[in-house]
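There are 2 protein chains.
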Amino acid sequence: MISYSIDQLLVKGKEAIHQDVIVKGWVRSFRSNRFIALNDGSTINNIQVVVDFENFDEETLDQISVAAAIKVTGVVVESQGKGQDIEIQAKSIKIYGGVNSDDLQGTILQPKRHTLEFLREQAHLRFRTNTFAAIMRVRHALMFAIHQYYNDKGFFYVNTPIVTGSDAEGAGEMFCVTNFDFDNLPKTEDGKVDFSQDFFSKKTNLTVSGQLEAEAAAMGLGKVYTFGPTFRAENSNTSRHLAEFWMIEPEVAFNDLDDNMDLAEDFMKYVIQYALDNCKDDLAFLNDRYEKEQSQKPKDQRSDLGLIERLEYVLNNKFVRLTYTEAIDILKDSKPNKKGKFKYSIDGWGADLQSEHERYLVEKHFKSPVILFDYPAEIKAFYMRLNEDGKTVRAMDVLFPGIGEIIGGSQREERLDVLRKKMEEFNVDQEELWWYLDTRKFGTVPHSGFGLGLERLVLFVTGMTNIRDVIPFPRTPKSAEF
Amino acid sequence: MISYSIDQLLVKGKEAIHQDVIVKGWVRSFRSNRFIALNDGSTINNIQVVVDFENFDEETLDQISVAAAIKVTGVVVESQGKGQDIEIQAKSIKIYGGVNSDDLQGTILQPKRHTLEFLREQAHLRFRTNTFAAIMRVRHALMFAIHQYYNDKGFFYVNTPIVTGSDAEGAGEMFCVTNFDFDNLPKTEDGKVDFSQDFFSKKTNLTVSGQLEAEAAAMGLGKVYTFGPTFRAENSNTSRHLAEFWMIEPEVAFNDLDDNMDLAEDFMKYVIQYALDNCKDDLAFLNDRYEKEQSQKPKDQRSDLGLIERLEYVLNNKFVRLTYTEAIDILKDSKPNKKGKFKYSIDGWGADLQSEHERYLVEKHFKSPVILFDYPAEIKAFYMRLNEDGKTVRAMDVLFPGIGEIIGGSQREERLDVLRKKMEEFNVDQEELWWYLDTRKFGTVPHSGFGLGLERLVLFVTGMTNIRDVIPFPRTPKSAEF
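Same order as they appear, the protein sequences are chains A and B. Sequential numbering from 1 applies to the first sequence in the working numbering. Sequential numbering from 1 applies to the second sequence in the working numbering.
Be aware that a few hints might be false.
Covered by chain A, according to a simulated footprint, are these stretches of chain B (three or more residues, beta-carbon under 8 angstroms) [what the hints assert, rightly or not]:
| hint | stretch |
| --- | --- |
| 1 | 40-48 |
| 2 | 89-100 |
| 3 | 150-156 |
| 4 | 190-200 |
| 5 | 236-247 |
| 6 | 439-446 |
| 7 | 476-482 |
Below, simulated EDC-like cross-link-like pairs (lysine to aspartate or glutamate); rule was C-alpha separation at most 16 angstroms, straight line [as the list claims (entries may be wrong)]:
| hint | chain 1 | residue 1 | chain 2 | residue 2 |
| --- | --- | --- | --- | --- |
| 8 | A | Lys203 | B | Glu481 |
| 9 | B | Lys192 | A | Asp181 |
| 10 | B | Lys292 | B | Asp304 |
| 11 | A | Lys441 | B | Asp102 |
| 12 | B | Lys91 | B | Asp57 |
I should point out that these hints are in silico values taken from the structure, not numbers from a laboratory. The beta-carbon is built from N, C-alpha and C at its ideal position, and this holds for glycine as well.
Bound-form chain A, shown alone:
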């Protein structure tokens, strides 16, 4: 008697015929008092369990209903139905947990179509639905691929701090972390809140990026990456923003911007290929879902490519690389710009690009992922390396169809004097970042890195459009449920 996950058993397929097996899972449907569709989360596919009701007592049969948890002991036989090679002829069934059908009303476990919004309200139960479970398995595969990629390339995973005493990173608004009793805040003599009496003896925040610490690590270990949660206290209630999200940030000593672009492209292709290779059933399901969704859109808003086609397209094409300046020229001369179709029209050099511009370049002009580089210094962060022209920096953004910016990175300013000048210009506190400056004092080297938002990647690979549908328990303004 072998205990199998449903995935294992279906992979074995006809080889398993005549074997006595045990499977455990949740009932997805029970037709004609005879056919159970059983799922255990290991795969999107169910195994059919055939119950000869003559052989089972009524009490057991009564409890076999949608969402119930059962253990089936039986023999694998060739399936008579279509769509499956094998099924299990049940010899005995143990009910782990039944379901009160009244309780089931109003839950997303009821066997009918539910909106994604409704699923979000019951995030604790949506792991039991086909769509969300498929997304979670793909998310897992992508995360594993990320670790495998960097491990294979000789990178070291470094856990940069979540609670940080620094607010100089400048990537966005920060949450405060405190151990104060709010009804009894200690004050300094001049009436200010006295953070020296807080847990860490200073004001502390949740990190917005591990980059600066990762740079310090790369200056000793050579090639490192971070992979952890990051936070933004921004009141953006959109389908693209989360207050808490996961970010991957590789940082490599001795890499210049070209190396950085090579790494980003190679990395993205690796993880997408991994998902295609390892999530076939889930991606086929999500591909169908995507097509249905597209078919309901007005014709001019439909995507040219199916979900899997889009992934393959990214794999098979070299990412177009061009400078910000070249991009501005293209955009200035573009039809939508001339016809006033952009919300933000492109008049000249220097402005930041909006999502509409990025998507025009990727989806209409080049029809390919694009890496833009050498951005105006003024619209990018203080730590990016200044070019010889004195006005652009070695920044890069990777732009993807349907997503826009998916990766942002740069070669870092390794010259101590230039870095100091930039920090002055950008009003970044040099005393607070004494340790960051130190990394430029003791054997400074050219180095580069980038950040990838995990949820943006999962959106792209699964074809979902709302970022709340690709993370288990989304954190957004006014919402920290579960």
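Given chain A's structure and the hints, the job is docking chain B onto it.
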């Protein structure tokens, strides 16, 4: 001309002789104006670069000093010295970043012995030291092994939330996360702080454990694990506690406590074996370090085993499994108890075990890792499954030599009525945890899981004794530097 990491080149060894290569790294020493020991972080080993000073200009030679960053172009030759197969005969050297020798004073980069305390003060530079870099590489290998183990076993990595609206988990004191302006706290009519006006419209905290959310995920996906930062706002300034640390929490539907013990043992052995297989040089270095440290201790406090011997010992022995009740009997009759040598003497059944008791069982009595299970219900969490005796729960702790408790876990209470009663007794808010109770309503199943503190594991494998030496930027009371 091939660019190699030093690790790659040393692995190639004599095969690389006569090749023209490029290596980049930081100077660890420069002897006789001729021999550079170069390290790039990829390995604990240096490559020797031989400089014929007649062929280089003085300016370049002047800048080759400890901690400087250089690029070497040269040919691989057989080494004349001992301790290495190959070395590089330099043809050209580019200085990336020199070092001002005055600046170097007072830093941990000075080529001499430094205390671990001093290294901690310059945590941003300690990636450049042999000891800390070795620890970081081992930490990386362990983290990768953890992901690989669970992926291979069909588990899905689930990111449970860091910011949580729940404070019912009961694993310890929590930090508060807020977006309030402290000088201007909104108040309700009755003068309390009005958290409904905070970012998430409620009081939110940093998570102490992802277990409850992982249980919800396991009720759909079957086998899951979390791996992320967790937090304790406890004022424990010890060598074993951090305010921010990383935890791994597997959770498996249909697993009972025996399965859970099997999983914990198999998992620990896998990751330790992985480190032994993949971190040979770093562990050899740390083994030497450990031996030196042991030799400086009084004889009766020395460990019987070397570091690597201790790891192999864990691999080669089955973990002893016994109940809390059996452990109490052993401890009551033990020599140290009878002679009053325990700080907390064992008088009878019911008390929680202290570290001294756990270590006595592991290090003196069984001389083996031990899994204790079936603890008194009163000293364990509300969610642990009640045994038939009505007074013990299906809890388990895995105890390791030199560490004490390294894993804590349990079979979870899957019976809704029993769980509710326990929550009442433990004063856990059922309304707040409505969603957790839901998972027992819709097809509840037996399930189990445990938590492993990553830093405890790294301590055990590296032989370090202070937890601040095994995480890049430790967070402790009064300290959130970098």
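Status of the hints after comparison with the structure:
1. 40-48: That given contact holds, which follows from 3 residues of the stretch 40-48 of chain B lying within Cβ reach (below 8 angstroms) of chain A.
2. 89-100: It holds, with 5 qualifying residues against the three required.
3. 150-156: holds (count 3)
4. 190-200: It holds, with 4 qualifying residues against the three required.
5. 236-247: holds (count 3)
6. 439-446: With 8 residues close enough to chain A, the hint holds.
7. 476-482: Since three or more residues must qualify, the claim that chain A covers the stretch 476-482 of chain B holds, with 6 doing so at under 8 angstroms.
8. Lys203(A) <-> Glu481(B): Distance ~11 angstroms between Lys203(A) and Glu481(B) Cα, so the pair holds.
9. Lys192(B) <-> Asp181(A): 11 angstroms, holds
10. Lys292(B) <-> Asp304(B): Distance of about 14 angstroms is within 16 angstroms: holds.
11. Lys441(A) <-> Asp102(B): 11 angstroms, holds
12. Lys91(B) <-> Asp57(B): 12 angstroms, holds
In summary, the structure agrees with every hint in the numbered list given earlier.
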